[in-house]
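Peer 1: Put chain G on the given structure of chain V with help from the hints.
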Amino acid sequence: EPEVTQTPSHQVTQMGQEVILRCVPISNHLYFYWYRQILGQKVEFLVSFYNNEISEKSEIFDDQFSVERPDGSNFTLKIRSTKLEDSAMYFCASKTGGAGQETQYFGPGTRLLVL
Amino acid sequence: DAKTTQPNSMESNEEEPVHLPCNHSTISGTDYIHWYRQLPSQGPEYVIHGLTSNVNNRMASLAIAEDRKSSTLILHRATLRDAAVYYCILRDRPTGANNLFFGTGTRLTVIP
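Going down the list, the protein sequences come from chains V and G. Each residue of the first sequence is one higher than the one before, starting from 1 at the first, in the working numbering. Each residue of the second sequence is one higher than the one before, starting from 1 at the first, in the working numbering.
Here chain V stands alone, though its shape is the one from the complex (with noise of 0.2 Å):
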């Protein structure tokens, strides 16, 4: 069965670096999403992405964020600065489009931490 990889499992940084989260979205999929989870807390939304373009965004998903879909296997997600408070697994999720599709297929995860 297809799914959603995602790429490193783990990341340790020093706050102020730049880090950029890898996914690889489901290959008939249009719709890509980002989101995060900070420990013992719930899933929230950062971003979705559609078209090329960013459909809808979160307060959280603020100029220190930035998505691409570089080529037509992946979707980045890049945090330019760092800070302590990014410390959180980031879920990347994927769904086809098609009229009444609307199962999201979550990736594995990716442990950021910041030092």
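It should be emphasised that the hints constitute simulated quantities derived from the structure, not laboratory data. Hints are not guaranteed to be accurate.
DMTMM-like, lysine to aspartate or glutamate: derived pairs with alpha carbons at most 25 Å apart [stated by the list, open to error]: (1) V:K78 / V:D63; (2) V:K83 / V:E44; (3) G:K3 / V:E102; (4) G:K69 / G:D92; (5) V:K57 / V:E3; (6) G:K3 / V:E44; (7) V:K57 / G:E66; (8) G:K3 / V:E59; (9) V:K57 / G:E45; (10) V:K78 / V:E53; (11) V:K57 / V:E85; (12) V:K42 / G:E66; (13) V:K83 / V:D62; (14) V:K42 / G:D82; (15) V:K57 / G:D31; (16) V:K42 / G:E45; (17) V:K78 / V:E56; (18) V:K42 / V:E85; (19) V:K83 / V:E18; (20) G:K69 / G:E14; (21) V:K42 / G:D31; (22) V:K83 / V:E56; (23) G:K69 / V:E102; (24) V:K42 / V:E3; (25) G:K69 / G:E15; (26) G:K3 / V:E56; (27) V:K57 / V:E18; (28) V:K42 / V:E102; (29) V:K42 / G:E11; (30) V:K78 / V:E18; (31) V:K83 / V:E68; (32) V:K42 / V:D62; (33) G:K3 / G:D92; (34) V:K57 / V:E44.
Here the structure is a predicted model, which means the values were calculated and not measured.
Peer 2: Relative to the frame of chain V, chain G by itself:
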């Protein structure tokens, strides 16, 4: 988005049915009821969704009250693998990106 209310935690014995309730008294006519679950150390996973009629799939059943102000996710025979946090999420009719907004969910513990 309309709010949902779920118990913080529930327990079930292995191989017994589990009924996970969700209240959504402010649901609108076009809101779909979605259930996702998150197994320990994993990303959320789709379970089931419905609008008005009860729904069944290989994972679970979804029973929706006639007034749609509440719903129940039914796991027919709980296994240890079903131990997870279960989220009940309302989303408007499926158009566009339709982002998911997770609450705190119900943590299901399955007792062997």
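Peer 1: Does each hint hold? Answer for all of them.
Peer 2: Against the structure, the hints:
1. Restraint check for V:K78 and V:D63: satisfied, since their Cα atoms lie roughly 10 Å apart, inside the 25 Å limit.
2. The hinted pair formed by V:K83 and V:E44 meets the criterion: a straight-line CA distance of about 17 Å does not exceed 25 Å.
3. Of the supplied pair hints, the one linking G:K3 and V:E102 holds, its CA atoms being roughly 19 Å apart against a limit of 25 Å.
4. For the suggested pair G:K69 and G:D92, the alpha carbons sit about 15 Å apart, so the restraint of at most 25 Å is met.
5. Proximity of V:K57 to V:E3 is assessed by CA-CA distance (about 24 Å); at most 25 Å being required, the pair is judged to hold.
6. A distance of roughly 15 Å separates the Cα atoms of G:K3 and V:E44; the hinted pair therefore holds under the 25 Å criterion.
7. Taken as a hint, the V:K57 and G:E66 pair is broken in the structure, with Cα atoms around 34 Å apart against an allowance of 25 Å.
8. Of the supplied pair hints, the one linking G:K3 and V:E59 holds, its CA atoms being roughly 19 Å apart against a limit of 25 Å.
9. Of the supplied pair hints, the one linking V:K57 and G:E45 holds, its CA atoms being roughly 22 Å apart against a limit of 25 Å.
10. Proximity of V:K78 to V:E53 is assessed by CA-CA distance (about 15 Å); at most 25 Å being required, the pair is judged to hold.
11. Between V:K57 and V:E85, the direct Cα distance comes to roughly 18 Å. Compliance with the 25 Å bound is thereby established for this hinted pair.
12. For the suggested pair V:K42 and G:E66, the alpha carbons sit about 30 Å apart, so the restraint of at most 25 Å is broken.
13. For the hint linking V:K83 to V:D62, the alpha-carbon distance of about 12 Å falls within 25 Å, and the restraint holds.
14. With a CA separation close to 19 Å, the supplied pair V:K42 and G:D82 stays within the 25 Å bound.
15. A distance of roughly 21 Å separates the Cα atoms of V:K57 and G:D31; the hinted pair therefore holds under the 25 Å criterion.
16. This hinted pair checks out: V:K42 and G:E45 have alpha carbons roughly 14 Å apart, not beyond 25 Å.
17. Pair hint V:K78 plus V:E56 holds up; C-alpha atoms about 16 Å apart against a cutoff of 25 Å.
18. With a C-alpha separation of about 15 Å, the suggested pair V:K42 and V:E85 falls inside the 25 Å cut-off, and the hint holds.
19. Distance check on the hinted pair: V:K83 and V:E18 sit about 10 Å apart at the alpha-carbon level, within 25 Å; holds.
20. For the proposed pair G:K69 and G:E14, the alpha carbon gap of about 29 Å is over 25 Å, so the pair is violated.
21. For the given pair, V:K42 sits about 21 Å from G:D31 by alpha-carbon distance, which is consistent with the 25 Å threshold.
22. As the CA atoms of V:K83 and V:E56 are separated by approximately 23 Å, the hinted pair is consistent with the 25 Å bound.
23. A threshold of 25 Å between alpha carbons decides the hint, and for G:K69 with V:E102 the separation of about 21 Å falls inside it, so the pair holds.
24. With a CA separation close to 23 Å, the supplied pair V:K42 and V:E3 stays within the 25 Å bound.
25. Between G:K69 and G:E15 the CA atoms are separated by roughly 29 Å; this puts the pair beyond 25 Å, and the hint is violated.
26. For the hint linking G:K3 to V:E56, the alpha-carbon distance of about 20 Å falls within 25 Å, and the restraint holds.
27. This hinted pair checks out: V:K57 and V:E18 have alpha carbons roughly 20 Å apart, not beyond 25 Å.
28. With a C-alpha separation of about 21 Å, the suggested pairing of V:K42 with V:E102 holds against the 25 Å cut-off.
29. Simply put, V:K42 and G:E11 have alpha-carbon atoms about 20 Å apart, close enough for the 25 Å limit, and the pair holds.
30. Distance restraint check for V:K78 and V:E18: the Cα-Cα separation of roughly 7 Å lies within the 25 Å cut-off, and the hinted pair is therefore satisfied.
31. This hinted pair checks out: V:K83 and V:E68 have alpha carbons roughly 21 Å apart, not beyond 25 Å.
32. About 19 Å separates the Cα atoms of V:K42 and V:D62, which keeps this hinted pair within 25 Å; it holds.
33. This hinted pair checks out: G:K3 and G:D92 have alpha carbons roughly 12 Å apart, not beyond 25 Å.
34. Annotation: proposed proximity of V:K57 to V:E44 holds, straight-line Cα distance about 11 Å (limit 25 Å).
The earlier numbered hints that this structure contradicts are 7, 12, 20 and 25.
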